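On the provided structure of chain A, position chain B as indicated by the hints.
Those protein sequences? They're chains A and B, same order as listed. All letters in the first sequence, in the order written, are residues 3 to 113 by the working numbering. All letters in the second sequence, in the order written, are residues 137 to 251 by the working numbering.
It is worth saying that the hints were derived from the structure and are not from the lab. Please read these numbers as outputs of a predicted model, since none were measured by experiment. One should not assume that every hint holds.
DSBU-like mimics (lysine-lysine), calculated; alpha carbons at most 30 Å apart, straight line [claimed, not checked]:
no.	chain 1	residue 1	chain 2	residue 2
1	B	Lys139	A	Lys59
2	A	Lys24	B	Lys189
3	B	Lys193	A	Lys11
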Amino acid sequence: AQRVTQPEKLLSVFKGAPVELKCNYSYSGSPELFWYVQYSRQRLQLLLRHISRESIKGFTADLNKGETSFHLKKPFAQEEDSAMYYCALKRGGSTLGRLYFGRGTQLTVWP
Amino acid sequence: DVKVTQSSRYLVKRTGEKVFLECVQDMDHENMFWYRQDPGLGLRLIYFSYDVKMKEKGDIPEGYSVSREKKERFSLILESASTNQTSMYLCASSPIRKSVTGELFFGEGSRLTVL
Numbered sequence: 003a004q005r006v007t008q009p010e011k012l013l014s015v016f017k018g019a020p021v022e023l024k025c026n027y028s029y030s031g032s033p034e035l036f037w038y039v040q041y042s043r044q045r046l047q048l049l050l051r052h053i054s055r056e057s058i059k060g061f062t063a064d065l066n067k068g069e070t071s072f073h074l075k076k077p078f079a080q081e082e083d084s085a086m087y088y089c090a091l092k093r094g095g096s097t098l099g100r101l102y103f104g105r106g107t108q109l110t111v112w113p
Numbered sequence: 137d138v139k140v141t142q143s144s145r146y147l148v149k150r151t152g153e154k155v156f157l158e159c160v161q162d163m164d165h166e167n168m169f170w171y172r173q174d175p176g177l178g179l180r181l182i183y184f185s186y187d188v189k190m191k192e193k194g195d196i197p198e199g200y201s202v203s204r205e206k207k208e209r210f211s212l213i214l215e216s217a218s219t220n221q222t223s224m225y226l227c228a229s230s231p232i233r234k235s236v237t238g239e240l241f242f243g244e245g246s247r248l249t250v251l
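Same shape as in the complex, but just chain A (with noise of 0.2 Å):
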């Protein structure tokens, strides 16, 4: 089975502070992990995913697989950063697509 932690339901930081939002998982395959990101009244969309190791909107994530986690950082939030973040989940080799989401981190950046 496959679970994804995030243990931070709220988070709230200052503008120019880092911030770090955190996802722990659990699988015994070789997953591949990915940040999701609702503003809001928008869709929820794709951020950043392990494999491309990008940087996106000044957000990074790096799997570290012997801690089993994917925290995604950024050195200092913007007001913009605000809204919903989820780290999910895929099996590694999965064609079907099915991603296991966490519960959430509602991200809150105050001016």
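Chain B only, in chain A's frame:
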């Protein structure tokens, strides 16, 4: 631009009513999904389909059924709505080639209230 359209943004139904939630995508995607989004519970998969007339149960299929008669349309059916089905319902789709990359394209959601 990929478009996933959910026909009803807001619905109010009474307990016991039959409810249809419709989802249409215009990008010829093979995979379609219905998720339920609840505060504190995240997204939970109800059903998904990887081809016309094919369906697979997700994690919480009880009380729901689905229909996929055409590739572009995936319907979620509540045979007899109950108050605990009050929720936000999200439809998503992806082409098979994107299954490898894990990118889903979501609709705007249908907020259902069952009285």
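Verification of the supplied hints:
For the given pair, B/Lys139 sits about 23 Å from A/Lys59 by alpha-carbon distance, which is consistent with the 30 Å threshold. With a CA separation close to 39 Å, the supplied pair A/Lys24 and B/Lys189 exceeds the 30 Å bound. Pair hint B/Lys193 plus A/Lys11 holds up; C-alpha atoms about 27 Å apart against a cutoff of 30 Å.
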